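Can you build the whole structure from these sequences, using the hints too?
These protein sequence lines map, in sequence, to chains A, B and C. Plus 161 on top of the position in the first sequence (first one is 1) and you've got this note's numbering. Plus 55 on top of the position in the second sequence (first one is 1) and you've got this note's numbering. Plus 28 on top of the position in the third sequence (first one is 1) and you've got this note's numbering.
Heads up, some of the hints might be wrong.
Calculated lysine to aspartate or glutamate pairs in the EDC-like style (CA-CA distance at most 20 Å, straight line) [stated by the list, open to error]:
1) A:Lys301 with B:Asp73
2) B:Lys131 with A:Glu250
3) C:Lys31 with B:Asp73
4) C:Lys305 with C:Asp250
5) B:Lys323 with A:Glu250
Hints in this document: simulated from the structure, not taken from any laboratory. Predicted model, so just to flag it, every value in this text is computed and none were measured.
Read off the chains here:
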Amino acid sequence: MFPAILIEDLTKDYPVGFWRRRHYRALDRLSLSIEAGEVFGFLGPNGAGKTTTLKLLMQLIFPTSGRAEILGRPIGHVDARRRIGYLPENPYFYDYLTAEELLTYFAQLLDVPTAARRKRVAGLLDRVGIGRERRFQLRKFSKGMIQRVGIAQALLNEPDVLFLDEPMSGLDPLGRRDVRSLILELRDQGRTVFFSSHILADAEALCGRVAVVAGGRLAAEGRLSELAEFTARGWELVVANLAPEALERLRPLATRVTEIGTGRYTLELPLTQAPERIIPEIASTGATVVSMNPVRETLEDFFIQRITEAGTGARGAMAEGEHARR
Amino acid sequence: MRAVRHIALNVFRESIRDRVPYNLVLFAVLLIGSSFLLAQLTAGQDVKIIKDLSLAAASIFGLFIAIFIGIGLVSKEVERRSIYSLLAKPISRPQFIAGKYAGLVLTLAVNVAVMTVAMYAVLGYLTWIESPDFKASWEAPGPDPALLKAMFLIFIELMLVTALALFFSTFSSPLLSAALTFGLYVAGNFNTELRNFEHVVDSPAAAWGARVLYHVLPDLSAFDVKTQVVHGFPVAAGYLWSTAAYGAAYIAALLLAAMYIFSRRDFK
Amino acid sequence: MIKVLAACGCLAAAVTLQVWRDGAFPRRHPDIARLLYVRSPAAVGRLALGFDALAADLYWIRAIQHYGGDRLNRDQPRRYELLYPLLDLTTSLDPYFNIAYRFGAIFLSEAYPGGPGRPDHAVALLRKGISAQPRKWQYYHDIAFVHYWSLRDPVTAAGWFRRGAEQPDAPNWLMPVAAAMLTQGSDRVSARFLWHQIRDADQPWLRGRAQHALRQLDALDDIDHLDAIVASQPRPAEEPFSWSWLVRLRALRVVPVDPAGAPYELDPATGRVTVAKASPLFPLPQLMVPIR
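As structure tokens, then:
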């Protein structure tokens, strides 16, 4: 059984400069393998090479070197495209069409049988929460609604593999929750989802595995829980109605206590203090636990650290490209 | 083939939504208004002037549509990135080019057809109200079927201009494409001058250069039979078909080149 | 790659069709090609939408092409009928189009087949130039020249030369020329002098024309000389006049040729010497032929 997506040494150089052509390496020998049925998070800060990778997979740009396969077929094969869906980053669609017309047009291009077309278009629009507005021209749509239409069009052919470039961008919290549940639903149907994001929380909520790219290079790959960089370093508790004497009892356990308001405190606990034991203790003093979160390195911290480690990756890559040209 | 058809129909729908057919209203107003005015001003020559006017207007309005929409066909999709989700569908890039081209040609065909009908309607009316004395002074009958020959070649010419616009827009900016297309349109219309160049200049190198340009540039002046038709001179069927075949071959060359360039292009 | 080859193939097919069609259906009814749609300078000015100078340039190029085409194209009768309207449009769109006036002055007045032979048009064009730039001595000079050379009217010519001499920057030789006009109207010295002035102008078109006129003047001198030789010999009794007769008498060593290289013609009956009709110098200007 072949992997759903196979990427081998994929590299992309962009020429820069008008007179003296140099090369900027946007993606540097990326290799990944994604199994069928996986939800795979492709993480990285802006400009890390996420969109470049997705465009390479969609054959919107052509690789400088390396290769990739989708469902066992080399990318660019028209038949492979029948079985994939793609949501571009900040999608834009013909603004003279209504949402309904756009999906119908794309369904025609995907050879969705006429009988099934109407039902599928209506069903998908319902699923992404476009109601009466489906009869409006897209020029009247907000960014978030366009994003929803974009997700709907990616699902028109009931794809086996889905590529979503920043699916959460432009969505309000409600929308983000909808998309999360949609992705999980797709996973349950056995589809492969490959999505890019620069928000760790999205990845935590959805992914089995992630890859982190920075400066065009693969920085880390694996299960989020296994990536040492992302294991928790402690806990953060927000407590309300905490009596002063109870606070004094808790103070030695905490690494840091911050007062937010009257009776409201943030307690930072080391990893050794398991919250399971402390929470009953707090509850017994009559105080209430408002929230509890693991404290760990954020994705942003991780990116920054990785980029500096890579010797400011992008510039290093450019020098290399220049060298290669000589 | 089905994909090409769907893309073409979408282009047609876009031109309707972008209110391209308004130019037909303008055309009708121009024609009816001027025929009304001319009837009072010119002695029996109004039919000739209406013919001149409608052929010229069909040509110029069509030119604007061909250049401005033709250039936007591809470049707008790339610029606004609507092409990303489109090309992720099972469509090849040559199919995309072919569909876009076919769609605009369809728009132009409808446009030229409606203009032709309007022209014949006005000419028919003028012939009907005119006295027989005036009609005797006409070089050609009022609703002359030969006008269709001129309209036919205008349509082929517009197809060629569209192909030019599409070709340029696959690799250069919209503004530059418009300038290049318009430049070639003008140069192509001065083509006969290029052919006569060898009678005017002494230098064989200049004459040879002019000859090469005459063959390589689109020979748009060949599509202009407006004057002959209006004055009732004959236009041979062979001329008509060979010029149309020339147009078709030239268009095919442009489209193939456009497909070749577009298929290798990165959408950054 | 296949697409590139196919594109080249299609282009080749297009050119083949074009060549075949041009052979099978020669394009352009001559009457249609020679139409000038708008002749009114005012209308053209409006149509030019403020690009008057550019439109003037285009009409100027058309004028040159029209003139050159008619002059070089031997297949059709030369007519030059658009030369004046084209130059008129050019100078109306750009009244300071210097060379258009001067070109018009020289070539409009030139006799058929070298030009349309319309000195009246030449004068009208130059008068327009004077109304635009009244201080330009060259226009007065050119009008005078047309009167002198083409209209054979040294008195009017002298008047215009004098008016030219009154303009600022006028060269000092204009006044003596005016005087010479009045005293010795038909001498070739003044003509030669004036053409020399034109030849030394910086316009190649005018230079060529002046070169031509100077050769014609040389031819006229030759003819005078040859006429004198013919007259000095005893009239042959039974024989018509011919060059071989003169060669036999050792009055000439060879058959004389004009400055353009064509043999002179000797009228067998009258013994008059003329340039051949086939000579590029034909016809010679009338003014300078001595009255006999």
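Status of the hints after comparison with the structure:
1. Straight-line distance between C-alpha atoms of lysine 301 of chain A and aspartate 73 of chain B comes to about 15 Å, which keeps the hinted pair within the 20 Å bound.
2. For the hint linking lysine 131 of chain B to glutamate 250 of chain A, the alpha-carbon distance of about 17 Å falls within 20 Å, and the restraint holds.
3. In summary, the hint linking lysine 31 of chain C to aspartate 73 of chain B is not supported, as the alpha carbons are separated by about 33 Å, beyond the 20 Å threshold.
4. With a C-alpha separation of about 16 Å, the suggested pairing of lysine 305 of chain C with aspartate 250 of chain C holds against the 20 Å cut-off.
5. In summary, the hint linking lysine 323 of chain B to glutamate 250 of chain A is supported, as the alpha carbons are separated by about 12 Å, within the 20 Å threshold.
Hint compliance for this structure: hint 3 alone is broken.
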